[in-house]
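Novice: Quick note, the sequences are listed as chains A and B, same order. If you're matching positions, the first sequence starts at 973 in my numbering and goes up one per residue. If you're matching positions, the second sequence starts at 12 in my numbering and goes up one per residue.
Errors might be hidden in some of the hints.
Here's a subset of chain A near chain B, in silico, CB distances under 7 Å, partners left out [unchecked claim]:
{"no.": "1", "residue": "M1050"}
{"no.": "2", "residue": "A1132"}
{"no.": "3", "residue": "N1187"}
{"no.": "4", "residue": "A1259"}
Simulated restraints, written as ranges between beta carbons of each label pair [unchecked claim]:
{"no.": "5", "chain 1": "B", "residue 1": "F89", "chain 2": "A", "residue 2": "N1505", "range": "33 to 43 Å"}
{"no.": "6", "chain 1": "A", "residue 1": "T1203", "chain 2": "B", "residue 2": "I91", "range": "43 to 53 Å"}
{"no.": "7", "chain 1": "A", "residue 1": "E1204", "chain 2": "B", "residue 2": "Q88", "range": "53 to 63 Å"}
{"no.": "8", "chain 1": "B", "residue 1": "A55", "chain 2": "A", "residue 2": "W1373", "range": "43 to 53 Å"}
{"no.": "9", "chain 1": "B", "residue 1": "R58", "chain 2": "A", "residue 2": "W1373", "range": "15 to 25 Å"}
For the record, the hints were derived by calculation from the structure and aren't laboratory data. Note that the structure is predicted; figures quoted are calculated from it, not measured. Every residue gets a Cβ at the ideal spot worked out from N, C-alpha and C, and that includes glycine.
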Amino acid sequence: MSAQTLSFIFVGLSFALYIGIAIWSRVGSTKEFYVAGGGVHPVVNGMATAADWMSAASFLSVAGILAFTGRDGAVYLMGWTGGYVLLALLLAPYLRKFGRFTVPEFIGDRYYSKLARVVAVICLIFISFTYIAGQMRGVGIVFSRFLEVDINTGVVIGMAIVFCYAVLGGMKGITYTQVAQYCVLIFAFMVPAIFMSIMWTDNPVPQLGLGDKLNDGSGLSVLQKLDQVTTELGFNTYTVGTRSTIDTLAIAAALMIGTAGLPHVIVRFFTVPKVSDARKSAGYALAFICIMYTTIPAVAAFSRLNLTESVNEVAYSEAPAWIEKWENTGLIAWKDKNGDGIMQYRPGHAFNPTKPIFTQDRGTYGERVISNELTNTTNEIYVDRDIMVMANPEIAKLPNWVIALVAAGAVAAALSTAAGLLLVISSSVAHDLMKRTFMPNISDKKELLFARLAAVVAILIAGWFGINPPAFVAQVVAFAFGMAAASLFPPIVMGIFSKRINRSGAVAGMLIGLSSTLAYIIYFNFIAPEINNPEHWFLGISPTGIGTIGAVLNVIAAVIVSHLTPAPPARVQDMIDDIRIPAGAGVAHEH
Amino acid sequence: MNQHADSKNQPENEGGAYHHTEAENLPSHSHHDEEILSEIDVQAYWRANVKVLVVLLSSWAFVSFGCGVLFSDWLDQFTIGGFPLGFWFTQQGTMLCFVAIIFIYHIWMKKIERAHGVDDDENSVENQPVHQSDSRDQS
């Protein structure tokens, strides 16, 4: 059977499974819609959190980034997983004890202020939109490949599917479907990784295979071979970093603090029965995440070797079939600069602008003709980094069912995160904005209606960003983390560990943190992209890492303003005392 | 930094908050002495908690910012399983340490909570300090 037919079957079956679970656990009340009644076992919750958090970016994009940037890319792995430690140690137990539905609710209550809550909702919506836009792009890539359509058509199909899917069930449906999605995506990620590891090193464990010797009898290890190949072609040496230390530190910190501030992940910890379970659950979640995350470097390394071997110095007319298929989606392009009919894969961008603009014509060898200006590098190929994981099984000539499996896995990854985010967006709009701020008397039914409406609007906006993405999936997502770091994380942590930070301080901090970070990102990416380089960056920190500075500004502003204004009232201080003690956490409740 | 300084001020702060609580809620309390005891216990628990956080977050920072970034290049002179050590930390090592840190935290905190009688285990006899139920009434 062809890979496409198999993909239809696999993706279809996995969908039937998710929808089946969603219907089976369909929710009636608002409380169930948001947090599954607070009765989910830590291991189950850990698995669902892992699926929630391992997005299309993790599944598709991180390995691609690592494959092309080598050691530099590893900061994403470290940053995203390291944030989990902050989340488990500084937030999860206390927010669980606090026991409400949403992050703005905590901020609103802790800072006894509607304004603080509204600011938190705005921050949250901003973050969730940026993040979900990355997911839509990921879904688009998957659908465009296996349906063999253009990437933009893929995004639209993805939107329609996420819409049908996420608006159906609430958190409970999502919890169990996410467990299923975790299983699908981890299996789909591991199978090709194991295949490739065996192919290159005979070692069935990809994590160990990466450090192993090649099985071609050359006596070189995988890493030595990679260094050799990359250096020969003039790329940066694979195992040597090129980014400045300060920027690496800033990016790692921004990603870490941002992970801990991600609303759709935090809200997960409201669903376990006890405070100690929230800690345990975070541990399991990270363990489940790390199964995939420690495999990513191996996938990256093997796919870089595979890509170089199957593309570089190969005549286009003899190119493997996957090149043409990806070319049709618009994610690979080749321009025969030196007229030899052979593809040269070298450092630097092949065209300007970087992304290919195709005309309707075909060239001498049947390749799609591009209208971009050519750069003067010898590189002739554009490969979108986000396709690496999807293309891997084809590049490595793995059986068709593996290709289909990866498609199902990527859809699972994108759907689980998109659904979790949509839920957070809809609950913040319906619950925090409508019910708790503007229309306190609306009925449960009306609230649910608002929640679903918000989800619809969210999908439409996210789809637009998916079609017009500002950068690669993982980078779009990284911006969301930067914003979470600069706006939400500091007030939550300070709210738990300090009794002195008050309403004015928190609001000032959030506004300064978010606006400074946003301004920096917008300035360097949209207003003056031509000077987006280390010479012009503040302290040498890139827009990806600027969330760290935003977080620092947030804390400074909050502390100064708080000390100039009166301390929080006694009932808030009592509330802080209460959330610091694990005993007596009831189920998450509405008030 | 800020958090740390704050935890040092804790006894005064909590004392202040406590008097306030007492003034507002006195009528509803039946076991006054017991409540003072549990308040002291709660403070000791919180200090122990902050200590755990300081230790574990230091290890977290050492592993990630230290081994993963600052002395990563220096660590490359050693090898582990075919990897230069610093490179291994960036690709796999830090993540494994993170998982370990969270589970250590879980186990350590459980022990401290049992010792201070503030744990949330259903079988525990003393899992409902009086102070506790008060603030719940308020919320």
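Novice: Given a hinted range of 43 to 53 Å, is it respected by the beta-carbon distance of A55 of chain B and W1373 of chain A?
Specialist: With Cβ atoms ~59 Å apart, the hint is violated.
Novice: Looking only at beta-carbon atoms, does the pair F89 of chain B, N1505 of chain A fall within the given range of 33 to 43 Å?
Specialist: 34 Å, holds
Novice: Is the interface hint satisfied for M1050 of chain A? The criterion is a beta-carbon contact with chain B at less than 7 Å.
Specialist: Result: holds, 5 Å to nearest chain B Cβ.
Novice: Holds or violated: the 15 to 25 Å window for the beta-carbon distance between R58 of chain B and W1373 of chain A?
Specialist: 57 Å, violated
Novice: For the hint on A1259 of chain A, does the least C-beta distance to chain B fall short of 7 Å?
Specialist: Hint holds; A1259 of chain A Cβ to chain B Cβ min 5 Å, cut 7 Å.
Novice: Holds or violated: the 53 to 63 Å window for the beta-carbon distance between E1204 of chain A and Q88 of chain B?
Specialist: At roughly 25 Å between Cβ atoms, Q88 of chain B and E1204 of chain A fall outside 53 to 63 Å, so the hint is violated.
Novice: Taking the least C-beta to C-beta distance, is A1132 of chain A closer than 7 Å to chain B?
Specialist: 36 Å, violated
Novice: For the restraint on N1187 of chain A, tell me whether the closest CB of chain B is nearer than 7 Å.
Specialist: 13 Å, violated
Novice: Please test the hint of 43 to 53 Å on the beta carbon pair from T1203 of chain A and I91 of chain B.
Specialist: For T1203 of chain A and I91 of chain B the Cβ distance comes to about 23 Å; the hint is violated.
When each numbered hint is compared with the structure, violations occur for hints 2, 3, 6, 7, 8 and 9.
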